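Number of protein chains: 2
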Amino acid sequence: MKIYEMKVAPNPRRVRMFLAEKGILDQVEFVELNLQKGENLTPEFSAMNPMKKVPVLELDDGRHIAETMAICRYFEELHPEPALLGRDPFEKAQVEQWLRWIELYFFMPTGMCFQHSSGYFKDRMTPIAEWGAECRKQAEGFFRFLDRHLEGREFIVGDSFSAADINALCTIDFNKVNSLRIDPEQTHLKAWYDRISSRPSARA
Amino acid sequence: MKIYEMKVAPNPRRVRMFLAEKGILDQVEFVELNLQKGENLTPEFSAMNPMKKVPVLELDDGRHIAETMAICRYFEELHPEPALLGRDPFEKAQVEQWLRWIELYFFMPTGMCFQHSSGYFKDRMTPIAEWGAECRKQAEGFFRFLDRHLEGREFIVGDSFSAADINALCTIDFNKVNSLRIDPEQTHLKAWYDRISSRPSARA
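Residue numbers (the numbering used here), protein chains in the order written: chain S, 6 to 209; chain H, 6 to 209.
No wet-lab data here; the hints were simulated from the structure.
One or more hints might be untrue.
As the list makes no split between identical chains, a pair holds if one copy fits it or if it spans any two.
Unchecked claim - With a straight-line Cα cutoff of 20 Å, these simulated DMTMM-like cross-link-like pairs (lysine to aspartate or glutamate) come out: (1) K27 to D164; (2) K97 to E63; (3) K7 to E96; (4) K97 to D66; (5) K97 to E82.
What you are looking at is a predicted structure, and each value in this text was computed from that prediction instead of being measured.
Whenever a hint applies, use it, and build me the whole structure from the sequences.
This is the structure in C-alpha cells:
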C-alpha cells in the first residue's frame with residue numbers, strides 16, 4: 006500500500022499519527038508530492054482523487070481512498086486494536102461528534118485562515134482577507150473551548166486516547182502558520198498538549 | 006429518546022431520513038426549536054450542545070450526542086441493518102470519503118452561501134458577501150461533479166443506497182434557499198435525484 010502525501014501538510018500527519026498509534030506505520034510506503042508546485046493538480050493525481058488533495062491511499066489492487074478520516078476508518082476496520090474511533094456505540098458517536106467539531110470548527114477555520122490570509126494558494130483560489138480574519142477568530146475560540154473542556158480530563162473523549170486527540174493536536178500545531186499558539190493561561194489545554202505531544206506517534 | 010431539531014433545517018432532515026431508512030423513525034420523539042428566534046442559544050440548549058446546533062439526540066439516561074453524522078453512527082451501531090455507512094472495510098471507507106466530500110465541498114459551501122448572502126443569522130455572525138459568492142461557485146461546481154460521477158450509476162457509492170445518497174439529496178434540496186437547482190442538462194444527476202426523492206424516507 007502507498008500513501009501520496011506532503012509530509013509537512015497537516016492532513017497527512019493525522020494519518021501517519023493514526024497509523025503509528027496502530028503500530029502499522031511501516032506497512033505503508035509514502036510518496037511525497039509538492040503541493041505548492043502543483044504536483045497534486047496533474048491528470049494522473051486527479052484520477053486518484055478528483056478533489057486533488059492529499060493524502061490518498063493506494064491499495065495493492067490499484068483502488069484508491071481519499072480523505073484523511075476515510076483512510077483512518079479503513080485501517081480501523083482492518084486493525085481494530087487499539088480502537089481510535091471508539092469502542093462501543095456511545096463512545097463511537099462521541100468520537101464522531103468530536104471529530105466533526107474539530108474538523109468543522111477548528112481545522113477548517115485554521116486552514117481557511119491560512120489560505121485566505123497568506124495567499125499561499127492564490128494561483129488556484131481567491132483569497133478573501135476579511136474571511137481569513139473571521140476564520141482566525143473561530144480558531145482562537147476553539148483553543149478556549151478546548152481548554153475549558155480539558156479541565157480535569159486526560160483525553161478529549163472519555164478515558165482513552167482517540168483520533169480526536171490526534172486531530173486536535175495536529176490542528177494546534179498547524180496553527181503555527183497563523184501564528185496562533187496555546188495561551189499560557191490555557192493551562193488545561195497546555196497540559197493535555199504536552200502529554201499528547203510526548204507520545205512517540207506525534208513524531209511520525 | 007428525543008431529538009431536538011428544527012424540521013425545515015437540512016441537518017435534522019438528514020437524520021430523519023437515515024432513521025426512516027432504518028425503519029426506526031417512530032422510536033424517537035422530536036422536539037421542535039425555532040432557530041431564528043434563538044431557541045438554540047439558551048443556556049439549557051448550550052449545555053446539551055456547546056456548538057448550539059441542531060440536531061441533538063438525548064438518550065433516556067440524559068446523555069447527549071450532537072452532530073448529524075455522530076447521531077447517525079450511533080443508530081448504525083445499534084441497528085446495523087440495512088447498513089447505511091458501508092458493509093465492508095473498503096465500502097465503509099468509500100462512504101466516509103463521500104460523506105466528507107459532500108460535507109466539506111457541498112453542504113458547507115451551500116450553508117455558507119446562504120448565511121453570507123442572505124444575512125439570515127446576521128444577529129449572531131458577520132456575513133461577508135464576497136465569501137458567499139465564492140461558496141456559491143463551489144456549490145455549483147459540486148452539482149457538475151455529481152452529475153459526471155452518476156453517469157451509469159444507481160447510487161453514489163457502489164451498488165447500494167447509503168448515507169451519501171441521503172446527504173447529497175438533502176444538500177441539493179437545501180440549495181433552494183440559494184436558488185440553485187439541478188440544471189436540465191445534468192441528466193445523470195436528475196435521474197438519480199428523481200429515484201432517491203421517490204423513496205418514502207425522503208418525506209420523513
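Cross-check of the supplied hints:
1. Within a single copy, K27 and D164 get their C-alpha atoms as close as 18 Å, which meets the 20 Å cut-off; across copies the closest is 31 Å, which misses it.
2. Taking identical chains as interchangeable, the C-alpha atoms of K97 and E63 lie at most 20 Å apart only when they sit on different chains, with a minimum of 16 Å there against 26 Å within one chain.
3. Taking CA atoms no more than 20 Å apart as the test, K7 paired with E96 passes between copies only; the shortest distance there is 19 Å, against 30 Å inside one copy.
4. For a Cα distance limit of 20 Å, the shortest separation of K97 from D66 across copies, 17 Å, qualifies, whereas the shortest one inside one copy, 30 Å, does not.
5. When the C-alpha separation of K97 and E82 is checked against a cutoff of 20 Å, the pair qualifies both within a copy, at 13 Å, and between copies, at 9 Å.
Comparing the model with each earlier hint shows no violations; every hint is respected.
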